[in-house]
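Asker: Given next are the chains, with one letter for each unit.
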Amino acid sequence: MLEVRGLEVHYGGICAVRGVDLDVAAGEKVALIGANGAGKTSTLKAIARMLPARGSVKLEGEAIEHAPPHTLVRKGFALVPEGRGVFARLSVLENLEMGAYVRDDKAAIEADIERVFGLLPRLKERAGQTAGTLSGGEQQMVAIGRALMSRPRLLLLDEPSMGLSPIMVDTVFDVIRQVVQDGVTLLLVEQNARLALSLCDRGCVMDGGEITLTAPATELLDNPAVRAAYLGE
Amino acid sequence: MSADPKLKARLGIALIGVALAVLPFVVGATFGNSWVRIVDFALLYIMLALGLNIVVGFAGLLDLGYIAFYAVGAYLYALLSSPHLATAFPALFAVAPGWPVWAVLPLGALVAGLFGVMLGAPTLKLRGDYLAIVTLGFGEIIRIFLNNLNAPANITNGPQGINNIAAAQIGGHALNRPLELFGVMVPGVHLQYYFFLALTLLVVFVCVRLQDSRLGRAWVAIREDEVAARACGINTRNVKLLAFGLGATFGGVAGGLFAGFQGFVSPESFGLLESVMVLCMVVLGGMGHIPGVILGAVLLALLPEALRWGAVPVQQSLFGKVLIDPESLRLLLFGIALVVVMRWRPAGLWPSALRKRELAAHGEAA
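If you read the sequences in order, they're chains W and Y.
So in UniProt numbering, spot 110 of the first sequence is number 110, and the numbers just go up one at a time.
So in UniProt numbering, spot 300 of the second sequence is number 300, and the numbers just go up one at a time.
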């Protein structure tokens with residue numbers, strides 16, 4: 001589904017991502033883990049065309065590295081950006097509606113809103129409230145719900161646990177688990193390696209802008225080096 | 001028994017319509033026709049504030065050079081409706097151009113819109129303070145050009161400005177002349193009022209429609225979070241350029257009306273303070289909320305005139321002499337008003353329901 005070759009990101013003279021190759025098969029759930037500054041978010045942003053980058057990115061065989069970022073939604077791409085990026089002064093419902101911005105099938109949008117509310121009942125309770133007044137976890141749910149509104153085939157999630165209390169992190173991950181159950185392909189960037197690996201099929205460990213290790217998630221959870229470096233054991 | 005809300009709304013609209021229709025006569029009879037002139041200016045400011053509201057209120061792009069578009073519209077009207085070009089370039093213009101108003105105003109809107117896009121294009125990646133500085137510079141550049149484009153070729157007549165601009169003509173009648181209608185003498189300022197009012201209503205209508213449109217929602221989205229807006233599939237570049245362009249369009253129309261109304265334009269009408277004034281109308285009234293912006297524009301347009309009219313007698317009666325010149329008092333009160341409003345009504349005098357809802361939600365949480 002997603003094929004990344006030789007991805008490079010530079011900030012001024014600093015090279016944040018150096019030649020990343022990454023494949024995500026349809027329906028697969030892949031976690032990108034690593035320490036702060038390893039280049040995870042830069043990789044994800046570069047794939048979503050939110051950052052200028054070198055290298056090739058293919059979505060279902062179609063080269064997208066020169067496609068303007070706003071056209072990716074139509075191709076089945078949905079990014080939940082770092083820091084959630086909810087539209088703070090719009091209501092929860094309006095946020096979800098913005099997620100369907102490129103769609104014009106009104107009846108189906110209504111149905112999808114109900115579907116998202118079914119997945120995230122908390123949002124239904126708060127439908128009329130402005131997103132900026134929600135808690136961090138609820139905002140994360142809004143961001144995920146909004147991404148789902150475009151009916152993505154590939155979901156890119158950037159640090160969904162950031163800034164959340166441990167209980168809220170579990171809730172948000174339960175939500176993600178439910179969301180990806182119906183076959184959405186997932187690329188997840190996450191510092192909480194244990195949670196990310198427990199959710200995903202495969203993990204890629206990033207360090208110094210490179211992917212140093214790729215293995216099935218269960219294997220990584222047992223890998224002594226990974227355990228020592230990222231699982232705090 | 002409660003009245004049908006639809007009927008109530010229609011009744012309200014009818015009442016407002018009647019009030020707006022008789023307003024110049026009431027004001028003219030009570031305060032004199034110079035006050036009708038002030039009301040005319042208030043209408044121009046409403047158009048300007050609504051135009052700036054698209055850029056600042058809807059799309060969240062802080063623009064401190066908005067008056068430049070007003071200047072573009074005004075000078076375009078001036079050049080096309082005055083003998084200036086014929087005097088300055090007799091070889092090119094055998095007779096003075098006298099374009100009809102229905103052609104000049106749309107042209108002014110178009111040219112101002114192009115200037116808006118010209119300002120928007122290089123500033124796409126800027127936000128907040130940085131954008132404000134660049135737009136401020138843009139406004140000054142336009143003003144300085146107008147001030148200096150009298151040499152080598154005398155296009156704008158420099159600091160002296162352009163004189164003898166023909167008033168707008170509708171149906172062969174120049175709006176600065178009185179017209180006898182059904183035996184009633186309607187003064188020129190009243191005619192201008194109705195002309196401005198019609199265009200203001202058009203601008204309000206366009207703004208309301210824009211706000212509820214797909215484009216309006218896209219503006220709000222980029223105001224709230226640009227990355228997320230892009231991730232939702234919004235072409236942020238085009239949407240921003242449209243905000244600058246459409247906002248500038250209203251400025252251009254208002255500028256054309258101003259030139260025809262005054263009969264004279266000069267660069268000093270388009271200084272930074274004017275840009276700030278229009279921005280204050282937007283902020284004071286309630287950014288992004290059309291009725292609020294209209295209220296802000298009316299208040300700030302009337303305030304200096306009310307002071308000019310009231311400050312001298314009040315000081316005379318209190319102190320026996322005039323201590324502070326009304327003109328300096330104007331800026332002082334202006335500043336105080338802003339501080340007070342920002343302290344107690346940070347969302348503006350008449351914020352949108354959404355902002356109110358947000359504050360209410362805060363109240364519940366507390």
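Please keep in mind that the hints were generated in silico from the structure rather than gathered at the bench.
Treat the numbers as computed from the prediction; the structure is a model and nothing was measured.
Note that beta-carbon positions come from the ideal geometry of N, C-alpha and C, so glycine has one too.
Please note that a few of the clues may not be correct.
To be verified - The following label-pair restraints were derived from C-beta to C-beta distances: (1) W:Ile167 with Y:Arg345: 47 to 57 Å; (2) Y:Glu327 with W:Glu110: 54 to 64 Å; (3) Y:Pro97 with W:Ala108: 49 to 59 Å.
Asker: Checking against the hints above, which ones are violated?
Answerer: Structure breaks hint 1 only.
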